[in-house]
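Line by line, the protein sequences give chains Z and Y.
Take the first sequence: its position 181, counted from the start at 1, is 181 in my numbering, and no numbers get skipped.
Take the second sequence: its position 259, counted from the start at 1, is 672 in my numbering, and no numbers get skipped.
Note that these hints are calculated values from the structure, not bench results.
Virtual Cβ for every residue (Gly too), placed ideally from N, Cα, C.
Partner residues aside, some chain Y positions facing chain Z, computed with beta carbon under 8 angstroms:
{"#": "1", "residue": "P470"}
{"#": "2", "residue": "D492"}
{"#": "3", "residue": "P506"}
{"#": "4", "residue": "V509"}
{"#": "5", "residue": "T513"}
{"#": "6", "residue": "N516"}
{"#": "7", "residue": "A521"}
{"#": "8", "residue": "A524"}
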Amino acid sequence: MTAEATTEKARIGAPSIAGFTEEGEHLVASKVDRHHSHGTQVMASRAERLTSHDVADFAVPNGREEEWRFTPVRELSNLLSDAPSEDGVLDVSVEAPAAVVQRILGAGEAPRGATLVPADRAAVVASANAGGAQLISIPENAELDAPVRVVLTGKGAGRRSNSHVVIEAGANSRGVVILEHGGIADHNGNVEVLVRQGAQLTVVSVQLWEDDAKHLAQHDAEVAKDAVYKHIAVTLGGKIVRLNSNVRFAGEGAEAELLGLYFADAGQHLEHRSFVDHNVPNCKSNVLYKGALQGKGAHTVWVGDVLIQKQAEGTDSYEKNQNLVLTDGCRADSVPNLEIETGLIEGAGHASATGRFDDEHLFYLMARGIPEDVARRLVVRGFLNEIIQQIKVPALEERLTEAVERELAATDN
Amino acid sequence: MSTLEIKDLHVSIETEQGTKEILKGVSLTIRTGETHAIMGPNGSGKSTLASTIAGHPRYTVTNGTITLDGEDVLAMSVDERARAGVFLAMQYPVEVPGVTMTNFLRTAKTAIDGEAPKLRTWTKDVKDAMEKLRIDADFAQRNVNEGFSGGEKKRVEILQLELFKPKFAVLDETDSGLDVDALKIVSEGVNRAHAEGNMGTLLITHYTRILRYIKPDFVHVFVDGQVVEEGGPELADRLEEEGYDRYAKGAGAASIAAAAAAQA
Chain Z
1 MTAEATTEKA RIGAPSIAGF TEEGEHLVAS KVDRHHSHGT QVMASRAERL TSHDVADFAV
61 PNGREEEWRF TPVRELSNLL SDAPSEDGVL DVSVEAPAAV VQRILGAGEA PRGATLVPAD
121 RAAVVASANA GGAQLISIPE NAELDAPVRV VLTGKGAGRR SNSHVVIEAG ANSRGVVILE
181 HGGIADHNGN VEVLVRQGAQ LTVVSVQLWE DDAKHLAQHD AEVAKDAVYK HIAVTLGGKI
241 VRLNSNVRFA GEGAEAELLG LYFADAGQHL EHRSFVDHNV PNCKSNVLYK GALQGKGAHT
301 VWVGDVLIQK QAEGTDSYEK NQNLVLTDGC RADSVPNLEI ETGLIEGAGH ASATGRFDDE
361 HLFYLMARGI PEDVARRLVV RGFLNEIIQQ IKVPALEERL TEAVERELAA TDN
Chain Y
414 MSTLEIKDLH VSIETEQGTK EILKGVSLTI RTGETHAIMG PNGSGKSTLA STIAGHPRYT
474 VTNGTITLDG EDVLAMSVDE RARAGVFLAM QYPVEVPGVT MTNFLRTAKT AIDGEAPKLR
534 TWTKDVKDAM EKLRIDADFA QRNVNEGFSG GEKKRVEILQ LELFKPKFAV LDETDSGLDV
594 DALKIVSEGV NRAHAEGNMG TLLITHYTRI LRYIKPDFVH VFVDGQVVEE GGPELADRLE
654 EEGYDRYAKG AGAASIAAAA AAQA
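Use the sequences and the hints to build the structure in full.
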């Protein structure tokens with residue numbers, strides 16, 4: 001229309017949400033600070049974060065540690081203890097096209113343990129106690145005509161389970177793997193993902209837990225030359241969920257997208273952390289997490305770390321978190337951290353916005369004839385659909401849209 | 414032919430200092446095909462009248478009635494009023510997160526008509542209406558009012574007016590913040606909607622400027638929550654020359670008597 005339409009925000013691809021406070025920057029070669037963080041504390045570089053397979057290296061956190069400061073650790077003692085799975089507490093079933101290789105990997109059996117090195121107490125005790133790991137391997141050049149479904153169902157409130165899933169996408173393969181978490185348990189689940197050269201892999205982790213479930217997870221991926229990896233976390237259920245989605249590269253020309261959608265109701269703590277390690281030149285990453293909150297004590301956390309290492313020239317990265325607060329009494333924490341060690345990059349940007357759907361939005365829509373319940377659904381569906389439509393598995397998209405509608409129906413009451 | 418009738422309307426709001434009466438007995442009758450201009454200084458209650466007609470929850474009606482063809486508008490919820498044919502072009506349209514213009518327009522049209530518009534003709538109608546109001550096609554994919562300038566928001570209000578085809582349009586200071594070109598574009602939109610012959614218009618404005626483009630049949634002067642003078646379009650010309658000062662000084666019997674005389 002006019003020059004007015006071309007705002008700075010539009011240029012950096014971070015359209016704001018109405019009435020939202022927003023911070024966003026676009027750091028390019030000419031404008032680089034080495035360590036750029038919006039946390040309230042001065043932090044060590046993400047590169048210095050300890051990773052280890054040895055349980056003794058990680059003390060049980062007390063909640064004051066930088067990486068645990070938002071998490072209700074006192075409610076997680078069961079999950080943070082060095083304890084085995086209880087009998088029969090987790091059902092794991094796999095549905096996969098015939099081409100997919102499924103096998104159980106023992107401790108230390110390749111490719112297990114190559115990609116995922118635990119980065120916190122939860123992951124290390126999970127790794128040590130998971131027993132056999134479920135391998136899902138898509139052969140070289142295979143193009144799956146249907147998604148692989150790994151269904152993990154918890155069988156008891158407060159009962160401990162550990163699991164380890166290894167996903168391998170062979171060179172130039174194409175596929176989608178869906179991890180569906182449901183039922184109820186205290187579940188510690190590690191997932192490691194190897195995306196071989198030229199492969200295109202989407203991993204969707206769906207958390208549709210029942211109300212009292214607790215779930216801690218570390219999902220680590222390594223993406224080889226010219227490969228494309230997409231990780232989508234969808235968290236709707238569970239009392240406490242904390243999912244760390246990490247990615248690094250093993251060759252140039254690789255791309256990673258870390259996406260997430262969460263909807264927290266009263267009393268739910270839903271925490272997502274992402275870490276993109278640009279350790280290789282000329283790779284691309286995009287991080288987008290979107291959340292909705294409603295009800296007293298609903299708490300969401302997003303911490304997005306991006307590290308562009310000195311050698312990672314030509315990096316193009318962007319990360320963004322948006323939260324939509326639907327009622328009073330909610331809390332959304334959002335912390336983008338960007339560390340840049342080289343100026344020779346294509347781009348590195350971040351944005352975070354948290355705002356609310358309020359009576360004025362509602363009045364505007366209703367003044368156009370739209371009934372109240374439809375208006376609320378319209379807003380939240382529109383907001384979250386940006387993530388759901390990235391899944392590209394129609395049956396799952398439909399299920400998740402319905403699940404979001406059910407969350408919304410709870411608001412109407 | 415429809416009639417929107419406002420009788421002895423008293424409206425209050427809650428403030429930190431307690432309840433405050435804003436409208437102190439307003440009566441107006443608007444019929445299909447008529448354009449009524451409501452003019453008055455800031456704080457006289459013009460926008461309160463607009464918001465009350467649309468049903469904004471901030472305003473409490475303490476006395477009086479609003480009826481649309483005899484139906485009690487005050488008993489209707491906000492969305493019911495819109496579906497009954499009342500449209501408010503807002504002074505400060507809000508940005509609605511997460512909802513694209515396309516999705517919003519279709520959802521609203523469906524709600525107002527009680528059935529989904531035919532996709533092919535609807536898409537064309539939207540496109541044509543946008544073109545006439547010089548709204549870029551890519552606005553259809555943007556979220557409602559998100560990042561729009563003040564002038565763009567006003568054009569989008571008139572876009573909705575043209576697409577939803579209400580029985581009565583209330584334009585709340587649609588002219589404020591518009592440059593001359595935008596004012597012309599917006600006025601042409603209102604005149605197109607009016608020319609279809611099924612709409613009555615209540616045009617609320619502080620300035621006479623917009624009345625060069627939209628010709629009122631009646632002018633009502635608002636001061637301190639009451640209509641203090643009424644007349645034809647010539648009253649607007651007088652206001653242009655004399656301003657509102659003379660009402661502010663002696664707002665009361667004399668000017669109301671003058672209004673009565675003018676009507677007689």
